[in-house]
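Line by line, the protein sequences give chains A and B.
Residue numbering for the first sequence is 1 to 498, as defined by the working numbering.
Residue numbering for the second sequence is 1001 to 1416, as defined by the working numbering.
Bear in mind the hints are in silico, worked out from the structure with no lab data behind them.
Hints may be right or wrong, so weigh each one.
Claimed, not checked - Far from chain A, by Cβ distances over 12 Å, these chain B residues were calculated:
| no. | residue |
| --- | --- |
| 1 | F1106 |
| 2 | L1160 |
| 3 | K1187 |
| 4 | A1235 |
| 5 | G1245 |
Stated by the list, open to error - Some chain A residues near chain B, calculated using beta-carbon distances under 7 Å:
| no. | residue |
| --- | --- |
| 6 | I99 |
| 7 | F142 |
| 8 | N168 |
| 9 | V206 |
| 10 | G417 |
| 11 | G428 |
| 12 | A467 |
| 13 | I469 |
| 14 | P471 |
| 15 | S472 |
| 16 | K474 |
Claimed, not checked - One-sided excerpt, in silico: chain A residues whose CB lies under 7 Å from chain B:
| no. | residue |
| --- | --- |
| 17 | I68 |
| 18 | S101 |
| 19 | W264 |
| 20 | L276 |
Note that the coordinates shown come from a computational prediction; the quantities given were computed from them, not determined experimentally.
All C-beta atoms in this analysis are idealised placements derived from N, C-alpha and C, irrespective of residue type, glycine included.
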Amino acid sequence: MKKTIFIIFLAVLTFLVLSGCEDRSDITGIDPILNGKSGNADLTRFVVIGNSLTAGYQSGALYESAQIYSYGNLIAKQVNTKFQMPIISDPGTPGRMEIQSLTASGPVIVNNPNSGSPINLLYPAPYNNLGVPGSLIYDVLFATNANNCASALFANTPNSFFDIVLRNQGATQLTQLQQALAQQPTFVILWTGNNDVLAYATGGGVSPAAPTDATTFSQLFGGIGQQLAQSGAQVIVANIPSVTSIPFLTTVGPALATNPLLVWWQISLSQTASGLPATGLIYMSHEGGTNLGILPYNVGFADSASLRNSTTIVTLRGSAYAQLLGQPTGKYYRDFNLTIPLGVDTTKPFGFHPQNPFPDIFVLDPDEINTAQSTVTNYNNAIQSVASTFNFGLVDVNTLFTNIRQADFTGGYKVDGLTFSTAFITGGLFSLDGVHPTSQGHAIVANEFIKVINAKYNANIPTINVATIPPSLKFTGTAGKLSLYPHVSPEAFDRLFF
Amino acid sequence: MKRLLLVFIVVFSVYSINIFAGGFQQNQHGARAKALGGAFTALANDPSAIYWNGAGLTQLSGTKLMLGTHLLFPASSFRGVAPSKQYSFMESQMFTPTHLFASHNFDNGLAIGLGFTQPYGSGTKWSEDWIGRYITTETKLQTFILMPTIAYELFDGFSLSAAFIYSFANVLIERMIPQSPFEGDAKISLEGDDSFAYGYNFGLLYKPTEWLSIGGSFRSEVEYGFEGTATTTGAAQLIDRFPKGDISANLTTPMNIVGGLAVNVTDELILSADYQWVGWSSYDVLAVDFADENFPDASSPRDYKDSYIVRFGAQYDMLDEFSVLGGIYYDNMPVETERLNPSLPDANRLGFSMGFIARLTENVSVTGAFMYLRGEQTTVTDSKENYFPVTGGFVPFNGTYNSTAKILSMSLQYDF
C-alpha cells in the first residue's frame, strides 16, 4: 500500500514537471515569408538604377556598412529577393568622413586615412544595385566606364565608380540602363537626375556653371522611361528632392549669422564708413552682384539676416574658410593653387572687404538659389509626365523631404519613436557629408517606395521599423580640437560624388 | 487515500486553467520548505522556521543547526518586438541563495534562533546587442538578512514569535544607451548598496488538536536606501555627456502576510497549505537620483500591485529515517502586462517540487529538493515600456515572454 501510494505520487509529479516543460513557442506562429512577390508586385528580378543615393553612399564614401542599408537593399530584404551590390569594404572609397570630436563650439570631421576595396567584383552578372555615385542622367544612357562618363568628358574628371559598378571590360560596354535590362528585370526602380542640379548647388553655382538643361533632362528621362517600359518590367520612379534645404547648404550661413564672435552691426558700420553700397558678407559673384567700378569683378552682399534665412547660402565646403572671416588671408588661393585674381588684395579683411571677397565657389546667391529651385521643379514635372505616360509608379521624395523640412520648425519629423530633422549631424537624417542620408534616412525613403509599391501593385510588403536600423554617423578613435563651425577639411569634398 | 486524490484533482485543475507568479522575491530558505512548495508556515518544524514562522521554534528540542544552499537556474525568452517574432533568450546564470539557521530550546516554553538567509537573490542578464538592450542588459538584486528570533509557547500548543531583521543589500542595473545619431551604443551601469536596513517579523503557531496545526506569519516591509555610483562607457567624443557620478535610489521590499494549515491525514502523511499575501504595491516606482544636477534623475514607474501565492505540500514518511515530499505552488504576477519588463520577466507561475528527508545518523539529517517553475506564457500588447528611448519618441515593447526556473536545494541539519 505504502509503495503504491509512493509510486503514484512520483509518477504524477513527474508528469506534471514534464508537461510544465513543454515548449509552447509556436502558439503565435510566424509571418508568411515573401519570396520576392507580394500581391501583383513581382520583385523576383529586382534592379535599382541611380546615383549615390541609390548606391548607399554615406559620409562621402561608399562602404559596406552603409551599402547594406541602401534603400534598394532594404526593400529587397523586406520582400526576400536577391540583391547583389558592388560592396566595398569599410571604411570605403574614398575613406569616409568621421567625427573626431564634438566640442561645445562645433564638431570636428576628418577623413578616415584608410580605404576599403571592392569585395564582390567577381559576381558573374550585373549587380542588382546599379547606383553609381556621381552618375548624371546622361550617364544612365551613355556612360560605360570612368573615362566616358559626363564628368570625364565635360569636366575632365574620370569617375572610377563607373568601373567599380559596371565592370565593363573589352568590347562589351554596357551602360547602367543596359546592365539593368540585361537582367530581364521584373521590377525596376529608377531614381536619377539629382546630380544634374545638386552639383550646381553644392558647387556654389560655379562648377558646373549651370544645371543640366531641363529640356535635355526631359528628353533623356523620356528615353530611359521608354526603354524600361518596353522591357515589360514593373517600374517605379522617384523624383528629385529640393536641393537647397540639405545640411550641406543650410548649416554654415545660420552659424555665421548667430556667431557671437562676429558682431554684424560693427562690421556693417565699418563697411558703410568705407562707402560701400551694401554691407555684410562680401563675396565674389560671377553672374549677379554689383560692379563697384574700380574692381575687375562683381561682388555680392549678404547681411546676417539673409545668411540666417538661407536666402544667401554658404556651403559646407566653405566652412573651413568661414572661420577665417575678417582676417587678412589668401589661404583659399593657396589651398586651391589659384592665382590671386586681379584686384584682390589678401591683406584686406577676408569676406568683409570687396578687395578680398569670399570665394564665389562657396556661395549660392539668391539668383543661383532660384535657378536650382526652378530646375528641380522642371525636372519633377518631366519625371511626373514620364511616369504617367508609361504608367510607372511615382515616389514623391520631394514632398517627403518638404514635409521633413517643415517639421524642423515644429519639433521634428517623428517616425517609429525617433525624431529627425534636416539639421547637420544632430538631425539624424543626413550623414556627415551633409548631402547623403544616414542608414535611418534610407529606411524612411525605402518605406516611401514600399508604400507606393503596395498601393500600385496591390501588394502587402511590410514597411521597415526605422528604429531597428542602427544610427550610422561614425566616430574616429582620436581626440579632436576646438572648432567654431563644422570643421570639414576642404579636401574632404574634393572627391565627393553625389 | 481519497483525501490524497482530492489533492491531485486540485492540482490538475490549477494546471488546466493555465494559471501560473512573482518578483525577485525568493522563497528559498531551506530544502524542506522548498520540497513542500513552500507550504511550511503551519509546520515550521525545522530551524528554517526562523524565516517561515518563528513560532515553530518552540516545537524543536535542544539545539539545532541547519546549513544549506540552493542552485537557482532561471530561464526566460522574449519574442518580439511585435510585429517581429524574433526570439531573444536570457543568458543563463546560476544563483546560490544560501542559508544558515540555528535554534535552541530552553525547555521552559522559550526558544531562540538566529537565521541568515537571502530573501532576494536573483537577477537577469541579456546580451548587449539584444533588441531590448535599451531597457535592460543586466539586473541583479541581492538582499541578506540576519534575524535574531525569540519564540514563546504561551499555553499548550500556542506559540508566538518576534524577530528583528537586520539587512544589507546590493543592486546592479545595467543597460545600453543609444548614441543616436551616432553609431554604436554606450553602456550605463548603476551599482549601489545599503549596509543597514531593518524590519521585523511576527509568527504564530497553534495546534488545537493532535492532527491539525495553524500558522501565521507577518514579515514587514524593508526600506532600502541604496547609495552608489553610475558609470558609463561609450564613444570618447560623447563621454562628457553621459550620466555618471554618485547616485541614490530607494527600494522597499514588500510586506508579507501568510496563513497556513497543516493536517496529519495519517500517521505517515501530512498535508499542508499556505496562502501568502505579498504587498507588492510598495514597488510603485524605481527612481534613481543623480547627485550631479547636470544629469536628470531617472524614474520609471513600476506600478506593482499586491499579489498572492498559494502553496500546497505533502510529506509522506516512508520509513522512520526517510520521507518523501511534494508540493505545488501558484504565484500570481504582481505587475500589469503594460509594465512587464525583461529586467524582471514576471509571470503567473506554477511551481512543482519534490524532495526527500533522510536521517543519516542520530544527529545528522539531509534534505534535498527539486523545484520546477513554469511561468505562464505572457503576451504584452499594451506595453508602456519604451524600447527606443530617444527624446520625444515611444515604441512599445510588445511581445511574448516565456520563463521557467529550476531550483535544486540541499540542507544539512545537525541536532546537538
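These are the hints, each one checked on the structure:
1. F1106: holds, 38 Å
2. L1160: holds, 35 Å
3. K1187: holds, 15 Å
4. A1235: violated, 5 Å
5. G1245: The claim holds: G1245 (chain B) sits with its nearest Cβ about 20 Å from chain A, beyond 12 Å.
6. I99: holds, 6 Å
7. F142: violated, 38 Å
8. N168: It is violated, given that the least Cβ distance between N168 (chain A) and chain B is near 35 Å, above 7 Å.
9. V206: Check failed: Cβ of V206 (chain A) comes no nearer than 31 Å to chain B, outside 7 Å.
10. G417: This hint holds: G417 (chain A) lies near chain B, its Cβ roughly 3 Å from the closest one there, short of 7 Å.
11. G428: holds, 4 Å
12. A467: Since the shortest Cβ distance to chain B is 4 Å, the answer is holds.
13. I469: violated, 10 Å
14. P471: holds, 4 Å
15. S472: holds, 5 Å
16. K474: Check passed: Cβ of K474 (chain A) comes within 6 Å of chain B, closer than 7 Å.
17. I68: At 13 Å from the nearest chain B Cβ, I68 (chain A) fails the 7 Å test, so the hint is violated.
18. S101: holds, 5 Å
19. W264: violated, 31 Å
20. L276: Violated - the Cβ of L276 (chain A) stays beyond 7 Å from chain B, reaching only about 42 Å at its closest.
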